[in-house]
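Quick mapping for you: the protein sequence lines, in order, are chains F and C.
Be aware that the first sequence starts at 1, since it is given in our numbering, and climbs by one per residue.
Be aware that the second sequence starts at 1, since it is given in our numbering, and climbs by one per residue.
Don't read these hints as lab results, they were simulated from the structure.
Predicted model, so just to flag it, every value in this text is computed and none were measured.
Wrong hints could be hidden among the right ones.
Stated by the list, open to error - To give a feel for the contact side, a few chain F residues facing chain C, derived at Cβ under 10 Å:
1. Tyr76
2. Glu181
3. Gly241
4. Tyr446
5. Leu447
6. Val450
7. Leu456
8. Ile458
Stated by the list, open to error - Listed next, the in silico DSSO-like pairs over lysine-lysine satisfying Cα-Cα at most 27 Å (straight line):
9. Lys269/C - Lys170/F
10. Lys27/F - Lys95/F
11. Lys289/C - Lys444/F
12. Lys138/C - Lys200/F
Glycine is no exception: its CB is placed at the ideal position from the N, C-alpha and C atoms.
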Amino acid sequence: MNDDTIIACSSGNSANVAISIIRISGKDFLDKIKPFIPVERIKLETRKAYFTKLYDKDETVVDEVVVVFFKGPNSYNGEDILEISCHGNKLNVQKIISIFIDNCGFKLANPGEFTERALRNGKMNISQVEGLDLLLNANNIFSLKQGYSLLSGELQEDFLKLQQAYMNHKSAIELGFDFLEDIGEEGFNENFKSTLNELKILVDKLYKRASLSTTGLIEPEIVLFGPPNAGKSTLFNQILGSDRAIVSPQAGTTRDYISEAISIKNNAFKLIDTAGIRFSEDSIESQGIELSKRFAQKAFFKVLLVDTSADFNFDSFKDFKYDLCLLTHSTEAYDGTNKGFNQLLKYFGPIEPSEIAPIGPELKGGPIEPNESAPIGPELKSGPIEPNESAPIGPIYYVDLLAHDIGDFILDMVIKKYDSVLDFDPILIQRHSTKVNEIYLNLKNYLHTVRDINDLAIISSEFNSVGNCISELIGIVSPDDILGNIFNSFCIGK
Amino acid sequence: MEHFNFDIAIVGGGHAGFEAAYCASQFKNLSVAIITMPEVGIASAPCNPAVGGVGKGQVVREIDHLGGIMGKLADLAGIQFRTLNESKGYAVHSTRVQIDKELYSKNAEGLANSIENLTIIRSKVIKTIKTEENFEVKTEECLVKAKKVIFTVGTFLNGKLHYGLESKEGGRHETRKAEGLDSIFDAISVNPKRFKTGTPPRLNVDTIDFREMEVQPSDPTVESMHVLHGTFERFVEQKNCYLTYTNVESMAVIRDNKDKSPMFNGNIKATGARYCPSIEDKAYRYPDKNIHHVFVEPEGLDLKTMYPSGISTSLPVDVQKKMVNSIAGLEQAEILVPGYAVEYDVVDTTQLDLTLQLTNLPGLYFAGQVNGTSGYEEAAGQGMIAGYNAALSLLGRNPLILSRNDSYIGVMIEDLVSNLRDEPYRLFTARSENRLYIREDNTALRMAKYRRSLGLSDQIDEYLESFSLSYDCYMDLFQKTLIDTREMFYVEQNIKFDKKVTLIEILKLSHINPIEFLARYFDYNSIQVDQRLVKCLAISVKYSGYIAKSDEINQKTYKLDSKPIEWAKLVESENISFECKQRITAIKPTTFGQLRRIEGIRQATLSAVAGQYY
Chain F
1 MNDDTIIACS
11 SGNSANVAIS
21 IIRISGKDFL
31 DKIKPFIPVE
41 RIKLETRKAY
51 FTKLYDKDET
61 VVDEVVVVFF
71 KGPNSYNGED
81 ILEISCHGNK
91 LNVQKIISIF
101 IDNCGFKLAN
111 PGEFTERALR
121 NGKMNISQVE
131 GLDLLLNANN
141 IFSLKQGYSL
151 LSGELQEDFL
161 KLQQAYMNHK
171 SAIELGFDFL
181 EDIGEEGFNE
191 NFKSTLNELK
201 ILVDKLYKRA
211 SLSTTGLIEP
221 EIVLFGPPNA
231 GKSTLFNQIL
241 GSDRAIVSPQ
251 AGTTRDYISE
261 AISIKNNAFK
271 LIDTAGIRFS
281 EDSIESQGIE
291 LSKRFAQKAF
301 FKVLLVDTSA
311 DFNFDSFKDF
321 KYDLCLLTHS
331 TEAYDGTNKG
341 FNQLLKYFGP
351 IEPSEIAPIG
361 PELKGGPIEP
371 NESAPIGPEL
381 KSGPIEPNES
391 APIGPIYYVD
401 LLAHDIGDFI
411 LDMVIKKYDS
421 VLDFDPILIQ
431 RHSTKVNEIY
441 LNLKNYLHTV
451 RDINDLAIIS
461 SEFNSVGNCI
471 SELIGIVSPD
481 DILGNIFNSF
491 CIGK
Chain C
1 MEHFNFDIAI
11 VGGGHAGFEA
21 AYCASQFKNL
31 SVAIITMPEV
41 GIASAPCNPA
51 VGGVGKGQVV
61 REIDHLGGIM
71 GKLADLAGIQ
81 FRTLNESKGY
91 AVHSTRVQID
101 KELYSKNAEG
111 LANSIENLTI
121 IRSKVIKTIK
131 TEENFEVKTE
141 ECLVKAKKVI
151 FTVGTFLNGK
161 LHYGLESKEG
171 GRHETRKAEG
181 LDSIFDAISV
191 NPKRFKTGTP
201 PRLNVDTIDF
211 REMEVQPSDP
221 TVESMHVLHG
231 TFERFVEQKN
241 CYLTYTNVES
251 MAVIRDNKDK
261 SPMFNGNIKA
271 TGARYCPSIE
281 DKAYRYPDKN
291 IHHVFVEPEG
301 LDLKTMYPSG
311 ISTSLPVDVQ
321 KKMVNSIAGL
331 EQAEILVPGY
341 AVEYDVVDTT
351 QLDLTLQLTN
361 LPGLYFAGQV
371 NGTSGYEEAA
381 GQGMIAGYNA
391 ALSLLGRNPL
401 ILSRNDSYIG
411 VMIEDLVSNL
421 RDEPYRLFTA
431 RSENRLYIRE
441 DNTALRMAKY
451 RRSLGLSDQI
461 DEYLESFSLS
471 YDCYMDLFQK
481 TLIDTREMFY
491 VEQNIKFDKK
501 VTLIEILKLS
511 HINPIEFLAR
521 YFDYNSIQVD
531 QRLVKCLAIS
541 VKYSGYIAKS
551 DEINQKTYKL
561 DSKPIEWAKL
571 VESENISFEC
581 KQRITAIKPT
591 TFGQLRRIEG
601 IRQATLSAVA
611 GQYY
């Protein structure tokens, strides 16, 4: 902890812009800056904007600026803060900052240091800082929304409700020890059950929200899988609408993965073409296989492409569930000779493609609907969002990629899934979802203890693990670790 | 006016006062005096005729193992023994002994008179002052000079009794009150809140029809309170308690007379304990509930009075009678002593240190109900701590401070001194973070080091040393001896392992009652082991895994507790509710742990404060 006065450009100085904002934060630094900003002459008052000249040490004018002073503790981080809006030329900004560093002994702020001080001075709590981080680094509307919700303390309210439900059940247990003579065995049982049930409902609800992959949502990835030459690169280009990937008729052209950032309705997605998964002596290619498996684990939307005219090794694909399966290179009904495809049928069950028809862009709105009950049921560990569990694969279409551009069709499916997932109000902060998962698992263990162990003292003690996780969730325990994480990934104030 | 000189003077001869005197007088070269109201007996029991209870049983055993007197007195006057929470797990098993309260007090009096370095002065204290070297306690008849003074004045400070609409001054039924602390000893800050407690009417045993009630006999398998008594030894005849219930009619009587209840018509302004509610509380706060337990307990072998636990009241006597007579079995019951409430001053315990000494006036100690606690056991526990520490301080020795991690007394004292109480404090098992470890069965293990630190030598010291030593030996043996469960002895008990195992693994089996099994095991191997030790060993093994886990959680949970906080800064913060700020200002916590333990502090506040560490 230090009390240095810090300074940094708060508005981003990566390019020349019209206006940049330089922020100074500390205690009683106005005297020091007098030679450079005439604070006395302009009669600087808190929370008012002043237009003034900014001077160098030799009293030459450097820039004309607007300054606003926030007297602590009524400021963003509780310290005195001066905001200087100057002309946003990079050199100009650097010049002004170095004037204060060289002459006033101010220090260049570390990443996140302004906010760190807000935390230290009790202006924000941990979850608000996390929210700010999310808000500032959001690349989609939803992250923005949740970032603000955290910053304003809404999500924290939900967590505090959980804490209350925990306390209620804890009290119900304690009643059984210390007040049994007052409430009787029956009153105890009733209270025990009802409070446990309330807690369970809240935890289940949060668990559902936390089970949706967070990494998958903050930067959702659309990943194309399939054996070599199945048409992944062609589809990649159709979605992208350009000739980004190298397309050649020889199997195994795309050895490394190729990714592109795309935007669907103002939401950022990543489109990824994986290497063809097949067993190979070729070391570069097997690396690609590993890589594509890793992609599968965190992908938001997975498309499996299969060339029905060529055999392929299905084993490499069977471990994942796909949102969509495209049968390429043949618009004819399946003739039963492709071993790999036979395996696929066997694995995914009877998928009699009775409605199969060549599809085109006109056929919009595939039948996939992320099913509410299946993918986010409590049995699932936190992981990517899967299509309906009962059907391990989404809809299957025959498609001739050379004849039809289905790029828009795919994007439409992706955004539908995305919207329906967001309806669950997923928890995006990794730390929160991890803790919610821990709470869920601890509660599950606790339920087993309640069932198996006939000793209320032990039951009570076991229940403490649930409370401990909840405390961690709302940031009472080990903030050292939490803060370490936050400030490592922080990139504000500079 | 007569003058006396003592090393330690104790004002008040109740459970706190007598325990303080008994403990301090174990240091034979110190002179100790109890100054008490002439009309009040030593260690008398003005409320329920019982010692022990949930959490309190543990305290009595802690006192007993540290060389205190309460356990012994309870046994000698014990007319019924029970284990509470028997179905709820070993950790929360608590012993309660119904006592013959006359006999209890008589034994205490006899004992007090037999202690050479203890004097009893029966005179009402008027004033206490601090002189340069001493304290001077002025009573109606004499002047006592003492180096240390312990105040154990119970509910007597400015005491006011309420019987329905009538109220009068007094410390308890038919006794005088003491003056307010400000007139006895100025410059001591009292808690701005007055506290209130109450007691039920006493009923004539001959007018009760016990056939209508459930009988609760004494349990012969409950261990005596004093470790040096025989494990299941009883000293007097055992009596039954009885259970009956209130009904719609009894509650209607109370509800119809709300205007006559001093607690609800505004006559009583003091705060009673939420967890020790009067029957009026129950009636008005829970309008839908009409059936409440009433335990009818004998107050002694020869006493005519029965104590109906659960219907403490301060309603007018005629209303009390109507209510009592509506209860099954009490239709004809005659009230011998009416129920009443008492309001009294308590000190601000945040001014005390962990030895219960006033921080800004060293040498002056407070213990018992005057500290805002309820219960004889809590009082005695504090009395013991104050008594020993007054003595240790005179002798220039290290103080005796019990940790909250290994004793209920430690929990209680830390809770008291770190919190301005806003209602009477009662010890619960829930107040301990280490409940699985702070049990009755291992009291000897927990207390041995504390007793040793006193440097006294008595029978109890020999017992504790030998108990601890045996415990270690057997534990070592359990870990080293491998058992082949194919032997008939194990097969018969359905114990089956594929390989050789230690006794520890067998004791942890869920279908095994560890105490019974261990007793059989020792029997089978012809080893003679004290029954108390068998129980302690068995439960310790059974719980060891859970205790380890709980320790781990505690370490995480309380990791922040030692972190310093600046309360003054906290109060300035805008993120903290007004109510929290008030409490913080009152307590002035210096660590996160103290802040966390302040009652009524919101999670949001803790969360905000925790965010400041990095």
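inquiry  = Holds or violated: Lys289/C and Lys444/F, Cα atoms, limit 27 Å.
reply    = Status violated; Cα separation ~34 Å.
request  = Would you mind confirming whether the straight-line C-alpha gap from Lys269/C to Lys170/F stays at or under 27 Å?
outcome  = Since the Cα atoms of Lys269/C and Lys170/F sit roughly 31 Å apart, the hinted pair is violated (cutoff 27 Å).
query = Between Lys27/F and Lys95/F, does the CA-CA distance stay at or below 27 Å?
reply = holds, 23 Å
Hinted contact Tyr76/F with chain C - closest CB pair below 10 Å = Status violated, d = 13 Å.
Hint check, Ile458/F versus chain C [nearest Cβ-Cβ separation less than 10 Å] = Check passed: Cβ of Ile458/F comes within 5 Å of chain C, closer than 10 Å.
ask   = Are Glu181/F and chain C close enough, Cβ to Cβ, to be under 10 Å, as the hint says?
value = holds, 6 Å
request  = Hold the hint about Gly241/F up to the distance rule: shortest CB distance to chain C must be less than 10 Å.
outcome  = violated, 47 Å
ask   = Would the stated hint for Leu456/F survive a check requiring a Cβ distance to chain C of less than 10 Å?
value = holds, 4 Å
ask   = Minimum Cβ distance from Leu447/F to chain C below 10 Å?
value = violated, 17 Å
key: Restraint check, 10 Å cut-off on beta carbons, for Val450/F near chain C   = violated, 13 Å
message = Please verify whether Lys138/C and Lys200/F have alpha carbons no more than 27 Å apart.
response = violated, 63 Å
request  = Could you check if Tyr446/F really has its C-beta closer than 10 Å to a C-beta on chain C?
outcome  = violated, 12 Å
Comparing the model with each numbered hint stated earlier shows that hints 1, 3, 4, 5, 6, 9, 11 and 12 do not hold.
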